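Chain order of the listed sequences is D and H. The working numbering applies: residue 148 is where the first sequence begins, and numbers increase by one. The working numbering applies: residue 148 is where the second sequence begins, and numbers increase by one.
Wrong hints could be hidden among the right ones.
Repeated chains share a single entry, so a pair holds when one copy, or any two copies, can fit it.
BS3-like, lysine-lysine: derived pairs with alpha carbons at most 27 Å apart [unchecked claim]:
no., residue 1, residue 2
1, K352, K311
2, K235, K352
3, K327, K352
4, K174, K446
5, K311, K332
6, K278, K181
7, K237, K311
8, K256, K489
9, K329, K311
10, K230, K468
11, K352, K230
12, K502, K237
13, K446, K191
14, K237, K352
Since the hints were derived computationally from the structure, they do not count as laboratory data. Small disclaimer: the values here were computed from a predicted structure and weren't measured.
2 protein chains.
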Amino acid sequence: MSPETRDKEVVKIIEGFGDGILGNVSKSESPKFKVPLRSLNNIKFDRAANLLRLGDKTSSRNFLNIAHSKKFMQSAMIASKCKELVSKGKTASIRELYYQLKHAIASTKENTFEDQGESDPLIVDLETSLKVLREELHLKADDKGTLIGNIIIEDSGDLIDCSKLGRSGLSVPSIVEHYKFKKIKADYVLVIETAAMFDRLVEEKYPQDNNCIMVSTKGQAARGCRRLVHRINTELKIPVIMFTDGDPWGYYIYSVIKAGSMALAHESERLGTPETKFVGMTMSDIEEYGLQKVTEKLKDVDKKRISELLQYPWFQNKEWKTQLQLMSDKGVRIEQQALASKSLEFVAEEYLPEKIKKNKLLP
Amino acid sequence: MSPETRDKEVVKIIEGFGDGILGNVSKSESPKFKVPLRSLNNIKFDRAANLLRLGDKTSSRNFLNIAHSKKFMQSAMIASKCKELVSKGKTASIRELYYQLKHAIASTKENTFEDQGESDPLIVDLETSLKVLREELHLKADDKGTLIGNIIIEDSGDLIDCSKLGRSGLSVPSIVEHYKFKKIKADYVLVIETAAMFDRLVEEKYPQDNNCIMVSTKGQAARGCRRLVHRINTELKIPVIMFTDGDPWGYYIYSVIKAGSMALAHESERLGTPETKFVGMTMSDIEEYGLQKVTEKLKDVDKKRISELLQYPWFQNKEWKTQLQLMSDKGVRIEQQALASKSLEFVAEEYLPEKIKKNKLLP
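Can you build the whole structure from these sequences, using the hints too?
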């Protein structure tokens, strides 16, 4: 669906939200709307789809319930502003939205909003309730991430050939809904946790030599980055392979790209990429490549995180339990950049091509 | 000077460093080298140049001083590895450098390096001692920042037209020494603290309408970003204007772009851009644009930071003392995005063009 068509749909969805409220009023009922619960007990792991999802539990916001009135008004204000944004083809950061809506309520000393802590959760309420991505409401989170490789993207009328961006690459924006993929020639997308490893592979001409696109998440992936990976995978049918540090934080970053996150379980379907596979760093790599000298001791906070991961349903498979258990037993973690101890070129010339060719990937 | 010529120079400088040590040995002296002191009492603010600089104090590293021996060996290892990197046309992150040099010392149980905390400060020693930028030693810090606007940059053989990158922009890498500026058409560079404000101005087509290049630092500017701004200003003679939040943190980010930072005082001359001017947010803007409703109360940590800034020699001028004093008196801060309370377009259509046209800029 083109972004323009989706915009029209979203406007209709928001109007439907307003119509619901009007309908209540015309029947002399308390205006109300339903919001799916986002608490942990309503987050399920859908094993078949390999995605985190919200369950069916909902709560109701009633205007005539004094505890709900202010939030109800605020939600309606946000919905109305989003409709305006989408209709005008404008986007706003969630902070701008807050400033746009903050004002004194006529003939009172009350402000519509006191701080952004009030508007942010209501934006999520609205997303879940309308089943519309924040980005489709034209609201922006922070951006982060860089892309390089053989893909031509049309962005606001410009054709960007991402294989011709030197060592710099394309800055992945917070909203990628408007991207049109014009041409792609790539066997897979390699998603990389650290900027330094991304730089290394750019320098070694890895994308050219291995016919792949590379995306750097620079730590936990921002929404724009996750959505971009999802779109490339689902729309262009390009496999995704992820490469992180060998520690519980890296493994969690992987799981978010693959299955979605708990905080955004309502959006996993459009942000997660269940087909993603994992190339490294694994705990087995340490023996296999003789990296014992360049591991680092686990800190208490790492150990705690490993136990948490071992509880998550989406890590309940043999391969991941083995890796996490090995990490715990060895008491060490290993970074992507530790591969530099072999040689700077090792990761690009041996480690990655060999593991990917032999399909030594984790699910 | 072309990057290739500079590379050859840097190799000679590193060889000179080695020759010095060899000279000591051949004269049966203890091998030694001098390192400029980087402690606060050796950092001076050069008022005429408007730059932070290192003073003349140095200390000496002597191989035959037991307290110095290990660091001496480590410094020599780093210098040797940097010579290899520069000669081969390779770059490495400072973490990769650490992993590359970490190994057991033959016939001992000692490692060359135990952790990166040992190699990082020695890299700075080497930079200051050789008067060579880290980037010129082909070592990389983290990258951050995005550029958009009417400039064509040659990066590793690719010609990148930064006015044709849609809403995404160019990801500014950690090393920009290899950038060649092929063509530029811009009245000024607008350097912007927050990614969200950068996005806003991209969406409003501010660079096209105002014939400028925009760079987003995304908080404190990374070295690559600072060096890029410096190069555009000094090589292409394009003025630089900075736009930050109206708080002590934003003002400090401005001062680092302009005068350099204390931690990198030895590199201010190549990272700082003394001609930079400041457009906002100022405390005077609050009255002028009726923004009283969208300020935020100062926290204790903000107040403490204001007092610190008031002590720094590079804030000792009437304009900045007035702003900092006003902030302290009003007890509020104001964000760039608070301008959205007027309208989303206000910043691009009124605030910036008016202030820049009327030269309402701080020094």
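Hints versus structure:
Proximity of K352 and K311 under a CA criterion of 27 Å is satisfied in both settings, with 12 Å inside one chain copy and 24 Å between copies. Within a single copy, K235 and K352 get their C-alpha atoms only as close as 42 Å, which misses the 27 Å cut-off; across copies the closest is 15 Å, which meets it. In this assembly of identical chains, the alpha carbons of K327 and K352 lie at most 27 Å apart whether taken from the same copy (25 Å) or from different copies (20 Å). Taking the shortest alpha-carbon separations for K174 and K446, neither the intra-copy value of 61 Å nor the inter-copy value of 48 Å comes in at or below 27 Å.
In this homomeric assembly, K311 and K332 come within 27 Å of each other (Cα to Cα) both inside a single copy, at 14 Å, and across copies, at 21 Å. Taking identical chains as interchangeable, the C-alpha atoms of K278 and K181 lie at most 27 Å apart only when both belong to the same chain, with a minimum of 12 Å there against 65 Å between chains. Only between protomers do K237 and K311 lie at most 27 Å apart by alpha-carbon distance; the minimum there is 20 Å, versus 29 Å within a single protomer. For the homomeric pair K256 and K489, the shortest alpha-carbon distance between copies (20 Å) is at most 27 Å, but the shortest distance inside one copy (67 Å) is not.
For a Cα distance limit of 27 Å, the shortest separation of K329 from K311 qualifies both inside one copy, at 15 Å, and across copies, at 15 Å. In this assembly of identical chains, K230 and K468 lie within 27 Å of each other by CA distance neither inside one copy nor across copies; the values are 46 Å within and 44 Å between. Proximity of K352 to K230 under the C-alpha cut-off of 27 Å is restricted to the inter-copy arrangement: shortest distance 22 Å between copies versus 45 Å within a copy. Proximity of K502 and K237 under a CA criterion of 27 Å is satisfied inter-copy only: 24 Å between copies versus 44 Å inside one chain copy.
Taking identical chains as interchangeable, the C-alpha atoms of K446 and K191 are never at most 27 Å apart, the minima being 30 Å within one chain and 40 Å between chains. For the homomeric pair K237 and K352, the shortest alpha-carbon distance between copies (12 Å) is at most 27 Å, but the shortest distance inside one copy (38 Å) is not.
This entry does not satisfy hints 4, 10 and 13, going by the numbered hints stated previously.
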